[in-house]
Amino acid sequence: MIVEYDQLKDEANRQKHGISLERAGELDILALLQDDRNAYGEIRYRAWGLIDGQPHCLAFTYRDGHVRAISLRRAHRKEFERYVESNR
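1 is the number of the first residue of the sequence shown in the numbering used here; add one for each residue after it.
Source of the hints: derived by calculation from the structure; they are not laboratory data.
Each hint should be verified, as a subset may be incorrect.
[To be verified] Between beta-carbon pairs, the in silico distance windows are:
1. Q7 / S86: 34 to 40 Å
2. E85 / G65: 30 to 36 Å
3. D52 / K16: 15 to 21 Å
4. E85 / D6: 29 to 35 Å
5. L8 / R74: 26 to 32 Å
6. H66 / A39: 20 to 26 Å
7. Q7 / E42: 18 to 24 Å
8. S86 / A12: 29 to 35 Å
9. E85 / R63: 26 to 32 Å
10. G65 / L33: 16 to 22 Å
11. T61 / D28: 30 to 36 Å
12. R63 / E11: 17 to 23 Å
Predicted model only: the values in this text are computed from it and were never measured.
Cβ atoms here follow ideal geometry from the backbone N, Cα and C, with glycine treated the same way.
Modelling step: build the complete structure from the supplied sequences, incorporating the hints.
See the structure below:
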């Protein structure tokens, strides 16, 4: 999957979560849902899956037909179980 992202947002994500948004393309997606918790002004999604065998969560949207990464972080065990394990 080809992923676009903002360089400043990538730097902030690396500082906060210790991982580059560039790695979002490596996510092996196991669960996906539309994120309607807030009025973002665009349709956003959250995906859970594995990168290097570790659980991660990706927030993203589609812009001009491309995946645009917003945030990427290690997933918490309980959220991973809730969204991934329960859907297997």
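Of the numbered hints stated earlier in the document, which are not met by this structure? 5 and 11
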